[in-house]
Structures are given as C-alpha cells and as structure tokens.
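> Let the hints inform the model, and build the full structure from the sequences given.
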Amino acid sequence: MRSEPVVQVQALVKRYGTKTAVDGLDLVARPGVTAVLGPNGAGKTTTVETCEGYRRPDSGTVRVLGLDPLRQAGELRPRVGVMLQSGGVYSGARAEEMLRHVAKLHAHPLDVAALIDRLGLGSCGRTPYRRLSGGQQQRLALAMAVVGRPELVFLDEPTAGLDPQARRATWDLIRDLRADGVSVILTTHHMDEAEQLADDVAIIDAGRVIAQGSPEELCRGGAENTLRFSGRPGLDVGSLLKALPPDTAAAELAPGAYRVTGRVDPQLLATVTSWCAQHGVMPDRISVERHTLEDVFLELTGKELRA
Amino acid sequence: MTATTGTGRYAPKPGAAPLTRMIAAQAVLETKMLLRNGEQLLLTVVIPTLLLVLFSSVDIVDTGAGEAVDFLAPGVLALAVMSTAFTGQAIATGFERRYGVLKRLASSPLPRWGLMTAKTLSVLVTEVLQVVLLTVIALALGWSPHGNPFAVLLLLLLGTAAFSGLGLLMVGTLKAEATLAAANLVFLLLLVGGGVIVPLEKFPAAAQDVLGLLPISALSDGLRDVLRHGAAMPWGDLGILAVWAAVALAAAGRFFRWE
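The listed protein sequences derive, respectively, from chains A and B.
Be aware that the first sequence starts at 23, since it is given in the working numbering, and climbs by one per residue.
Be aware that the second sequence starts at 59, since it is given in the working numbering, and climbs by one per residue.
Keep in mind that the hints are not guaranteed to be accurate.
The following residues of chain B were derived to be distant from chain A, with all beta-carbon distances above 12 Å [what the hints assert, rightly or not]:
| # | residue |
| --- | --- |
| 1 | Ile118 |
| 2 | Ala239 |
| 3 | Ala240 |
| 4 | Lys260 |
Examples of chain B residues lying across from chain A (beta carbon under 8 Å, computed) [said to hold, decoys possible]:
| # | residue |
| --- | --- |
| 5 | Gly64 |
| 6 | Thr65 |
| 7 | Gly66 |
| 8 | Arg67 |
| 9 | Pro70 |
| 10 | Ala74 |
| 11 | Ala75 |
| 12 | Met80 |
| 13 | Glu154 |
| 14 | Tyr157 |
| 15 | Val159 |
| 16 | Lys161 |
| 17 | Arg162 |
| 18 | Ser165 |
| 19 | Ser166 |
Below 35 Å or equal to it, Euclidean Cα-Cα: the simulated DSBU-like pairs (lysine-lysine) are [to be verified]:
| # | chain 1 | residue 1 | chain 2 | residue 2 |
| --- | --- | --- | --- | --- |
| 20 | B | Lys161 | B | Lys260 |
| 21 | B | Lys90 | B | Lys233 |
| 22 | A | Lys126 | B | Lys233 |
| 23 | A | Lys126 | B | Lys90 |
| 24 | B | Lys90 | B | Lys161 |
| 25 | B | Lys233 | B | Lys161 |
| 26 | A | Lys126 | B | Lys161 |
| 27 | B | Lys90 | B | Lys71 |
| 28 | A | Lys41 | B | Lys233 |
| 29 | B | Lys161 | A | Lys41 |
| 30 | B | Lys71 | A | Lys126 |
It should be emphasised that the hints constitute simulated quantities derived from the structure, not laboratory data.
In this text the structure is predicted, and so the values were computed from the model without any measurement.
Glycine included, every Cβ here is placed at the ideal spot set by N, Cα and C.
If you want it as structure tokens, here you go:
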C-alpha cells in the first residue's frame with residue numbers, strides 16, 4: 023500500500039533521567055496493520071506513547087495522521103483510539119457503563135451492545151472493573167479504543183495475558199478493523215501475532231528500529247532458508263550446485279541426506295527436482311524449512327535473556 | 059495477510075461529541091462513582107450527619123450560649139464542603155491517576171480543562187445533595203437559620219474553590235496511598251481544630267489566631283456569622299478563603315500530574 027503514512031517518526035530520542043529509552047528511532051507506518059515487535063525495555067511503549075501525545079520527545083519529530091500529537095492534540099484525539107497496556111478505568115465503574123461513557127465522548131460511536139457482544143463481555147457488563155478478570159479488562163480496554171470509530175488505533179500489547187479464545191476474538195476484531203480501513207499500530211512480544219495480523223513489522227531493540235518490512239520480507243531477508251531431501255547416497259553435489267543460483271550452498275550431511283541453503287523460492291525447488299529427474303533420483307522426504315519471524319527476531323536481537 | 063472485504067461496520071467516522079455533552083456525561087459519571095463508593099459516603103454523608111445529630115442532642119461539647127444546633131449546623135455545612143471538595147476529591151483523583159484513568163481520559167476527545175470542569179460540577183452536585191440533607195436534619199433538630207442566602211452561597215463557593223485547590227495540590231505531590239492517609243488525617247485535624255464542632259474559643263489565645271486563618275475555620279466562622287448572627291457579609295472570612303483559593307489553585311495547577 024503506497025499511501026500517506028499514518029505515523030511518521032523521525033530521529034526520535036527520549037530519555038528518562040540517565041536512561042535512554044528511545045535512541046534516534048525512525049519509523050514510518052502506512053495504512054493497514056503495523057506490528058512493533060521487540061524485547062522488554064526495547065522502547066516500544068515509549069515510542070507508542072509519544073505518538074499518543076503522552077510523552078514529549080527530547081528530540082526528533084513525530085507526526086500522527088499528519089499532525090503533531092502535542093501541539094495539535096485537540097484535533098488528533100477524536101481520530102485516534104488508544105488502548106493502554108493496563109488500567110484506564112474507574113475501579114468502581116461497570117464494564118458496560120464505562121464503554122457507554124467513552125462512546126458518549128464521540129460523535130458517531132459504534133453500537134455499544136454489539137461491541138460488547140462481539141468481544142464476549144456480555145456476561146460481565148454489570149461487573150465493576152476491579153472484579154473483572156485480566157482478560158476481561160484487556161477486552162474492555164480494546165473496546166474503549168475502537169468505540170469512537172477512529173481512523174487509527176494504538177494497541178499496546180492487546181493480547182498479553184489472554185486465553186486462546188479471547189486472543190482469537192481480539193485477532194478477528196483487528197482483522198475486521200483493517201478490512202474496514204482502520205489502521206492499527208500494535209506492540210507485541212508474540213511473533214505469531216505479528217505474522218498473523220501485520221502488513222508491516224518493525225523490530226525495535228535498544229531504542230532503535232533494527233528491521234522493518236512485511237513478515238515475508240523479514241523472513242526472506244533476515245535469514246537463509248533451508249531445503250532438505252533424501253536420495254541415494256553419494257550424489258554429485260557439485261553438479262547440483264552448478265544448476266543452482268550462485269549464492270546457494272548444497273551438501274550431503276549424512277549418507278543420503280542432502281541440504282540446500284539459500285534463497286528458497288519456487289524456482290529453486292523446481293531446479294532441485296528437475297536436477298533429480300535428470301539424474302534418476304527420487305527425492306524422498308523433500309521439505310522446505312521456512313524461517314519464522316521468531317527466528318529472525320532472535321537472530322536480530324540475540325538469544326540471551328536480558329535483565 | 060489476505061485482503062478481505064470489510065463489512066463497513068468499523069469504517070472510520072471519527073468526531074468529538076459536543077463539548078457540553080462530554081462535560082455533562084463526565085460530571086454524571088464522576089458523581090455516580092462518588093456516590094457508589096462506601097468510604098466516600100462515610101466521609102461526605104455519614105460523618106457530618108452523625109456529628110450534627112449526636113452533638114445537637116447530647117451535651118458533649120460546650121457550644122456556648124443558645125441552641126447547640128445553631129452553633130453546629132453551620133460548622134457541619136463547612137465540614138460537608140471540606141469532605142467533598144478536599145478529602146473526597148483528593149482520594150478519588152489520586153486513585154484515578156494510579157489506575158490510569160486520568161491518562162486514558164487524556165487521550166479521549168474530552169480536553170483536560172473539560173475533565174476538571176466536570177470534576178468541579180460533580181463536587182458541586184454532591185455538595186447540593188449534602189446541604190439539602192443536612193439542612194433538613196438541622197431544621198428537624200430545631201435549627202433557626204438567619205442571614206443573607208447570597209452570602210452563604212458565596213462562602214460555600216469560595217470554600218469549595220479553596221478546598222478543591224488544596225485537594226488537587228495534595229494529589230499532585232503525593233502518591234495515591236499517601237494521599238488517602240494524609241487526606242483523612244487532615245480531615246480529622248481540621249474537624250477538631252477548625253471550629254466545626256469545638257468553638258475556637260476553647261483553644262489558647264495564641265492558637266486561636268493561627269487556627270482562625272485555616273480555610274475550615276474561615277468557612278465555619280463565616281457561615282456561623284451569617285446563619286447564626288445574621289451578619290450581612292463576613293468580609294474577613296471571605297478574604298481568608300479567597301487567598302487560600304488563589305494560592306492553592308495556582309499551586310495545584312503548577313504541581314498537578316496526570317500520570
């Protein structure tokens with residue numbers, strides 16, 4: 023999608039005391055779903071909260087829907103929906119009461135009853151917020167972010183702590199938002215969430231974007247993929263290599279077990295199978311191992327646990 | 059992701075509700091939250107009512123010449139204002155900040171000044187309910203108020219401004235739990251030392267001069283001057299309240315934090 027960006031962050035720096043949370047971050051989010059992925063403390067929430075107008079950048083510029091989140095907040099706020107990582111509701115307010123209240127602050131809100139039903143909050147509509155389960159609190163916060171029919175929603179870890187059903191309901195709602203032309207910026211630790219939902223993924227580490235692209239681009243570009251097959255032992259790997267593109271590697275790892283690494287695409291698969299046909303080899307157990315976003319993520323941000 | 063066709067149900071149609079509707083909705087919600095909260099009701103309704111009934115019917119404190127209720131009713135009205143504008147508002151706002159309510163509302167279409175206006179309206183609505191209830195009870199106990207209703211209104215409004223400023227200043231400088239403790243402590247101290255149920259004349263002369271400058275003393279003394287003695291306009295007390303209101307609101311504006 024090549025249209026005007028919904029979020030443009032340039033050279034953003036944000037420090038808390040001596041700690042630099044965001045360190046010269048650049049990010050362009052286009053219409054659709056953008057996932058901001060990163061380990062704990064990478065600067066995801068600080069970046070999103072700067073876009074929401076909660077933080078004042080130490081330097082750099084932030085534009086959301088073309089507006090300055092601080093100086094043009096009044097114009098921007100009705101157009102943007104916000105789901106905080108936690109809280110945001112009076113502890114004594116009932117779930118439905120709070121959602122109806124947020125709806126009243128908007129000119130053309132969604133139908134509250136339908137939204138409650140959609141997110142499975144019907145059974146707890148009369149329950150005070152402090153007695154809702156964590157998952158119910160999350161879904162209420164999500165409902166509050168979308169009820170005003172915004173153009174853009176910021177979801178900070180929308181599925182953290184959700185059970186699989188609730189997670190599925192949240193994903194379905196995000197897909198429906200996207201299909202109806204609502205842009206979504208979400209932060210997450212879950213690679214599968216980014217892979218499932220996002221048009222575009224930005225991986226943040228130590229306050230900078232270290233990779234950005236569609237899930238497919240990142241999986242392709244960040245790491246080499248592998249093709250494995252079995253055949254009779256002692257095939258001429260050198261002849262196979264000549265048939266393959268130059269940046270590809272091939273080896274017989276164990277007698278009869280072959281591995282091809284490189285950019286594995288349909289053309290490469292066809293080349294390998296036609297080479298086998300020419301040499302009278304029946305490639306048993308042929309498999310393509312596609313790198314997941316998780317592989318890419320761990321490769322980029324390191325596998326060690328961080329404090 | 060595969061492209062899917064939307065149903066149009068969530069198609070963007072953003073817009074803020076009219077400002078008056080937003081502020082009214084916020085004021086209604088704030089008032090509901092306050093009236094639903096047991097501890098808040100204890101402070102704003104139960105304690106003032108109990109003090110009024112108990113001390114009017116039983117001769118515990120020497121309230122001077124005349125009917126006890128004529129001394130107590132103005133003091134308890136002042137206490138009611140303090141309990142809502144200062145104690146109640148400080149505790150509620152402290153926890154709203156703690157639980158991210160202020161933060162979340164800050165990203166809603168309701169501007170911050172709109173939220174503050176709604177909070178003030180909610181305080182005023184609660185005070186009206188308190189004044190009506192306490193007046194009915196006091197009249198039943200034989201209270202005979204005098205004076206200029208306009209002067210009473212002015213005292214109540216200036217008192218509300220001063221106590222709101224002090225309450226919000228406390229929220230701005232303390233954590234939620236500390237606010238809870240401190241607001242209750244201040245409530246108790248001012249209840250005893252602010253001429254609410256104990257006449258200031260009972261204190262040593264030096265202490266009287268200082269205590270007389272407290273906003274609760276100015277409010278209870280001013281209300282008593284008008285309602286008991288029929289004074290036209292208690293300028294001295296109004297002046298003290300005006301100074302407290304100006305200083306406290308300015309400081310609250312300077313130190314208040316939204317998260």
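> Evaluate each hint against the coordinates.
Verification of the supplied hints:
Every CB of chain A lies more than 12 Å from the CB of isoleucine 118 of chain B, the least distance being 35 Å, so the non-interface label holds. Chain A leaves alanine 239 of chain B outside its interface by the beta-carbon criterion, the shortest separation being 18 Å against a cut-off of 12 Å. Every CB of chain A lies more than 12 Å from the CB of alanine 240 of chain B, the least distance being 20 Å, so the non-interface label holds. For lysine 260 of chain B, the non-interface assignment is confirmed: its Cβ lies about 40 Å from the closest Cβ of chain A, beyond the 12 Å cut-off.
Look at glycine 64 of chain B: its Cβ gets to within about 4 Å of chain A, closer than 8 Å, so that hint holds up. With a cut of 8 Å, the hint placing threonine 65 of chain B at the interface with chain A holds, because the nearest CB-to-CB distance is about 7 Å. At its closest, the beta carbon of glycine 66 of chain B sits 6 Å from a beta carbon of chain A; the interface hint therefore holds under the 8 Å criterion. Below 8 Å, beta-carbon pairs count as interface contacts, and arginine 67 of chain B has one with chain A at about 7 Å; its hint therefore holds.
With a least beta-carbon distance of about 4 Å to chain A, the hint placing proline 70 of chain B at the interface is held under the 8 Å criterion. Interface restraint check for alanine 74 of chain B: the shortest CB-CB distance to chain A comes to about 4 Å, inside 8 Å, so the restraint holds. Checking alanine 75 of chain B against chain A: minimum C-beta separation of about 5 Å stays under 8 Å; hint holds. Evaluation of the methionine 80 of chain B hint against chain A yields a held restraint, the C-beta minimum of about 5 Å falling below 8 Å.
Interface hint status for glutamate 154 of chain B: upheld, as the beta-carbon distance to the closest one in chain A is roughly 7 Å, under 8 Å. For tyrosine 157 of chain B, the shortest C-beta to C-beta distance to chain A is roughly 5 Å, which falls under 8 Å, so the interface hint holds. With 8 Å as the threshold, the beta carbon of valine 159 of chain B comes within range of chain A, its nearest partner Cβ sitting at about 6 Å, so the hint holds. Satisfaction of the interface hint for lysine 161 of chain B is found here, the shortest Cβ-Cβ separation to chain A being roughly 7 Å, below the 8 Å cut-off.
A distance limit of 8 Å between C-beta atoms decides the matter here; for arginine 162 of chain B the minimum to chain A is near 3 Å, and the interface restraint holds. Hint status for serine 165 of chain B relative to chain A: holds, with the closest Cβ pair at about 4 Å, below 8 Å. Checking serine 166 of chain B against chain A by beta carbon gives a least distance of about 5 Å; that is within 8 Å, so the hint holds. A hinted pair counts as satisfied when its Cα atoms are at most 35 Å apart, and lysine 161 of chain B with lysine 260 of chain B does not qualify at roughly 46 Å.
A C-alpha spacing of about 24 Å is found between lysine 90 of chain B and lysine 233 of chain B, which places the hinted pair at or below 35 Å, so the restraint holds. Note on lysine 126 of chain A and lysine 233 of chain B: the hinted pairing holds, with a Cα-Cα distance of about 30 Å set against a maximum of 35 Å. About 16 Å separates the Cα atoms of lysine 126 of chain A and lysine 90 of chain B, which keeps this hinted pair within 35 Å; it holds. As the CA atoms of lysine 90 of chain B and lysine 161 of chain B are separated by approximately 20 Å, the hinted pair is consistent with the 35 Å bound.
A distance of roughly 15 Å separates the Cα atoms of lysine 233 of chain B and lysine 161 of chain B; the hinted pair therefore holds under the 35 Å criterion. With a C-alpha separation of about 18 Å, the suggested pair lysine 126 of chain A and lysine 161 of chain B falls inside the 35 Å cut-off, and the hint holds. Between lysine 90 of chain B and lysine 71 of chain B the CA atoms are separated by roughly 30 Å; this keeps the pair inside 35 Å, and the hint holds. Proximity of lysine 41 of chain A to lysine 233 of chain B is assessed by CA-CA distance (about 23 Å); at most 35 Å being required, the pair is judged to hold.
Between the alpha carbons of lysine 161 of chain B and lysine 41 of chain A the distance comes to roughly 23 Å, so the proposed pair stays at or under 35 Å and holds. For the hint pairing lysine 71 of chain B with lysine 126 of chain A, the CA-to-CA distance comes to about 14 Å; that is within 35 Å, so the pair holds.
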